[in-house]
Amino acid sequence: MILHTLIDYETLRIIWWLLLGVLLIGFAVTDGFDLGTGALLPFVAKTDTERRVVINSVGPVWEGNQVWLILGGGAIFAAWPPLYAVSFSGFYLAMFAILFALILRPVGFKYRSKRDSATWRSAWDWALFIGGFVPALIFGVAVGNVLQGVPFRLGSDLRIFYEGTTLFELLNPFALLCGLVSLSMLLMHGAAWLMLKTEGPVAERSRRYGSIAALATIVLFALGGLWLWAGIDGYRFTSEVITNGPSNPLAKSAEQASGVWFANYAAHPWTMAAPALGFAGAALAFLLMRAKREVPTILASALSILGIISTVGLAMFPFILPSSIDPRSSLTVWDASSSHLTLFIMLAVTLIFVPLIVAYTSWVYRVLWGKVDEKAIRDGQGHAY
Amino acid sequence: MELDIVALSRLQFAITALYHFLFVPLTLGLSIVIAIMETVYVMTGRAIWRQMTKFWGTLFGINFVLGVATGIVMEFQFGMNWSYYSHYVGDIFGAPLAIEGLMAFFLEATFVGLFFFGWDKLSKLGHLAAAWAVAIGSNFSALWILIANGWMQNPVGAAFNPQTMRMEVADFYAVLMNPVAQAKFVHTVSAGYVTASIFVLGVSAWFVLKGRHLELAKRSMTVAASFGLAASLSVVVLGDESGYLSTEHQKMKLAAIEAMWETEPAPAPFTAFGFPDQEARTTHFAVRIPWVMGLIGTRSLTTEIPGIENLVDHARERIANGVVAYDALQKIRAAGSDAAIPDDVRKAFEDNGADLGYALLLKPYIDDPRQASPEQIDQAAWDTVPNVPTLFWTFRIMVGLGFFFILLTAVFFYLSARHRLDRYPWLLRIAVLSIPLPWIAAECGWIVAEFGRQPWIIEGVLPTAAGVSSLGAFTVLMTIIGFSAIYTVLFIVEMSLMLRAIRKGPEPDDEPQAELVPPALAPAE
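Those protein sequences? They're chains A and B, same order as listed. 1 is the number of the first residue of the first sequence in our numbering; add one for each residue after it. 386 is the number of the first residue of the second sequence in our numbering; add one for each residue after it.
A few of these clues could be false.
Said to hold, decoys possible - SDA-like mimics (lysine to any residue), calculated; alpha carbons at most 25 Å apart, straight line:
| # | chain 1 | residue 1 | chain 2 | residue 2 |
| --- | --- | --- | --- | --- |
| 1 | A | 371 | A | 153 |
| 2 | B | 732 | A | 120 |
| 3 | B | 748 | B | 731 |
| 4 | B | 439 | A | 29 |
| 5 | B | 889 | A | 49 |
| 6 | B | 889 | B | 649 |
| 7 | B | 732 | A | 252 |
| 8 | B | 748 | A | 252 |
| 9 | A | 114 | B | 591 |
| 10 | A | 252 | A | 158 |
Source of the hints: derived by calculation from the structure; they are not laboratory data.
With the hints as constraints, model all of the structure from the sequences given.
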């Protein structure tokens with residue numbers, strides 16, 4: 001096949017770096033409100049009917065949303081195999097915690113209302129809370145660790161070794177702060193979803209918790225930025241940057257240096273739009289929540305998520321996963337991708353299927369448009385959970 | 386017992402994969418059965434078929450959700466526990482997994498919500514489309530997963546790149562059209578259809594025995610028996626195709642299944658029964674049927690099927706070639722630039738590169754395969770023999786059950802055609818007791834396929850032991866305990882909900898019969 005040389009390797013790598021962002025943002029925006037809703041469940045819904053309203057609000061869509069995560073795993077495997085290999089094994093116990101939570105969540109949705117017992121239902125309510133809270137926190141903790149560099153190095157045959165990646169070390173103060181950013185961001189988003197889909201006391205409580213979460217997002221995101229600027233060293237190449245060479249991280253050399261994570265923003269001021277969007281989206285979501293404008297609220301909160309995730313990606317470019325103990329082993333856009341041919345094939349498949357997915361997903365959301373009817377749930381009609 | 390990271394990682398993968406596959410076959414088959422039932426409903430407008438769709442849909446949902454939950458674990462575990470494997474073959478293996486998400490799983494998961502929540506929100510045709518989207522999505526999902534798995538069995542269309550130290554795709558079309566993947570796909574989805582058919586048949590038979598929901602039960606049995614008969618014929622025929630392909634691509638697996646220690650003169654006999662002894666390299670009390678193995682394996686009377694000892698000799702040669710390739714690889718990497726590689730080294734790697742993986746079989750014995758002693762090479766060559774008794778037995782259980790399913794579904798197909806489904810209680814009882822059997826057959830099938838591939842994680846390319854992550858054994862032990870605990874709890878919960886839903890039976894459907902043609906327009910009788 002010669003077709004793939006139509007797009008050069010460097011361009012494909014940048015496209016796949018962007019698509020990596022699209023995947024993470026797609027996951028955070030769609031499954032994000034499910035996770036937020038789960039974490040808010042015990043607080044915004046008090047009675048059994050209220051809880052069923054909340055659960056049924058995400059009932060028909062959480063399964064499709066969660067595919068963003070599964071697709072994320074598959075696409076990282078296909079397009080960035082070393083990233084998949086290093087991050088999933090390096091964060092082993094954190095991944096296990098996420099998996100544990102994500103196993104409980106689907107089962108909680110589906111099984112909770114199958115029995116009348118109050119103990120049964122309250123146990124699954126806790127499972128749903130954990131299934132939302134834990135991933136929302138840990139995804140942010142993982143990003144916090146990536147920004148600091150992860151203690152791994154590559155052997156000469158590219159085997160991966162780790163030094164000290166216990167769960168305890170992953171939960172360092174900066175990483176926890178990042179975890180709180182992601183948690184508050186997804187709580188804001190979940191609350192925005194519940195305002196859109198529910199009425200009465202549930203919507204009112206969601207509005208209250210959502211406003212707090214939006215403010216917390218602004219404050220924590222600002223704190224994270226300050227801390228990154230003052231106390232976290234970035235990484236940079238010390239050898240010539242070869243953008244279309246074979247994917248072998250050990251072919252380069254790199255170092256840790258202070259202030260480097262802000263170099264891209266200084267060199268290309270337009271990238272400041274990302275953090276600006278992160279703040280503006282959350283501020284807008286706060287104001288719109290006060291004004292009870294439901295559809296604009298969730299759009300604003302989605303924009304905030306887009307801005308916050310892009311901020312991290314742009315700060316680190318071209319680094320994807322730096323190594324704190326051996327900077328040369330760091331994975332970057334230029335040396336951690338699949339082969340030229342695989343990137344091309346996967347791009348072609350993506351260009352065919354993503355528009356289709358967006359089309360039928362939007363159609364499904366349109367069919368399901370409207371508030372979840374509390375009375376219908378009490379009467380046991382029209383709702384599966 | 387000393388904790389061995391390779392053994393523990395394999396154990397965890399085996400537990401989670403076998404557990405995941407408790408839910409997959411029913412999803413594959415029941416999604417189609419339900420879509421067929423709903424199609425009948427939409428075509429005839431008879432409410433009983435809607436009631437059937439909803440009842441089997443409830444059971445489908447209880448099962449489906451655990452398939453999804455345990456599937457995430459599968460998708461993540463390659464990177465978590467098999468990071469060197471992920472690095473080594475991600476360029477090829479990752480693609481079908483990602484395409485599965487894009488093309489199949491999104492479709493399935495997006496429409497499954499609509500299937501359960503959309504009864505009041507969609508037109509009849511719209512809802513039927515959702516049901517078929519779920520069925521097509523889940524079956525396509527199996528296609529891509531089995532393209533990935535088929536590549537592990539028969540790694541076509543890829544080449545080792547010394548600069549990136551990994552396998553890279555050379556011919557993606559060959560990966561897609563891999564004959565092993567094709568045969569596996571049809572065999573596996575057929576097994577799913579059989580599972581669902583026996584499940585529907587057994588549950589309905591129970592209703593008939595209890596004298597409950599007879600209308601629903603008998604119609605369901607008719608669908609299950611006809612669908613199940615076609616599927617069990619297909620599963621056996623396509624299983625035979627898999628066996629035929631093993632003769633070509635995985636000779637050792639086939640020899641181990643047959644406990645064929647020495648090469649037999651063609652056409653080889655089939656060992657129907659016996660006790661294979663791995664230590665003594667012989668099969669005790671073997672009952673042999675002349676010619677059958679030769680016919681199945683080679684479809685000829687004159688082609689020999691090599692026995693285990695021959696194949697070990699062959700492996701010994703390939704290890705020697707592999708050591709040459711390993712040596713050349715070290716020199717290529719030491720040379721730095723492409724231009725600095727001496728021509729003889731380049732040629733040595735080109736000639737022997739296909740056997741590089743065989744040199745890695747020596748790694749458990751010696752760090753540098755080039756220093757291996759003849760005894761170590763001999764040990765590594767014998768390591769290429771999988772566990773013969775396990776394969777011998779799991780294969781025979783699977784095949785025996787396959788033939789039983791043909792018989793069972795054929796009997797009920799006949800009874801259904803003659804309207805005698807409720808005539809023979811003992812047959813109904815057999816149908817109820819048969820419910821667990823397809824699961825046993827399916828799990829045995831995976832043991833044959835995956836345990837039979839050992840010691841390779843990618844046949845002939847990468848040994849399993851080399852693919853593992855450098856994690857602490859204790860860490861993996863902890864997650865094994867964690868997974869086992871949550872999986873056990875969920876299994877009990879799932880079974881109890883399934884049984885409850887079955888005991889409760891279908892919801893009464895008091896909505897009026899839907900009419901395909903409005904009464905005003907119907908011709909007067």
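Hints and how they fare:
Between residue 371 of chain A and residue 153 of chain A the CA atoms are separated by roughly 51 Å; this puts the pair beyond 25 Å, and the hint is violated. Taken as a hint, the residue 732 of chain B and residue 120 of chain A pair is broken in the structure, with Cα atoms around 68 Å apart against an allowance of 25 Å. At roughly 23 Å between alpha-carbon atoms, residue 748 of chain B and residue 731 of chain B fall within 25 Å of each other, so this suggested pair holds. For a cut-off of 25 Å, the pair hint linking residue 439 of chain B to residue 29 of chain A is broken: about 32 Å separates their Cα positions.
Between residue 889 of chain B and residue 49 of chain A, the direct Cα distance comes to roughly 23 Å. Compliance with the 25 Å bound is thereby established for this hinted pair. Distance restraint check for residue 889 of chain B and residue 649 of chain B: the Cα-Cα separation of roughly 57 Å exceeds the 25 Å cut-off, and the hinted pair is therefore not satisfied. This hinted pair does not check out: residue 732 of chain B and residue 252 of chain A have alpha carbons roughly 28 Å apart, beyond 25 Å. The straight-line distance between the Cα atoms of residue 748 of chain B and residue 252 of chain A is roughly 28 Å, outside the 25 Å bound, and the hint therefore fails.
For a cut-off of 25 Å, the pair hint linking residue 114 of chain A to residue 591 of chain B stands: about 22 Å separates their Cα positions. At most 25 Å may separate the alpha-carbon atoms for a hinted pair to count; residue 252 of chain A and residue 158 of chain A meet this at roughly 14 Å.
In this structure, the earlier hints numbered 1, 2, 4, 6, 7 and 8 are contradicted, and the remaining ones agree with it.
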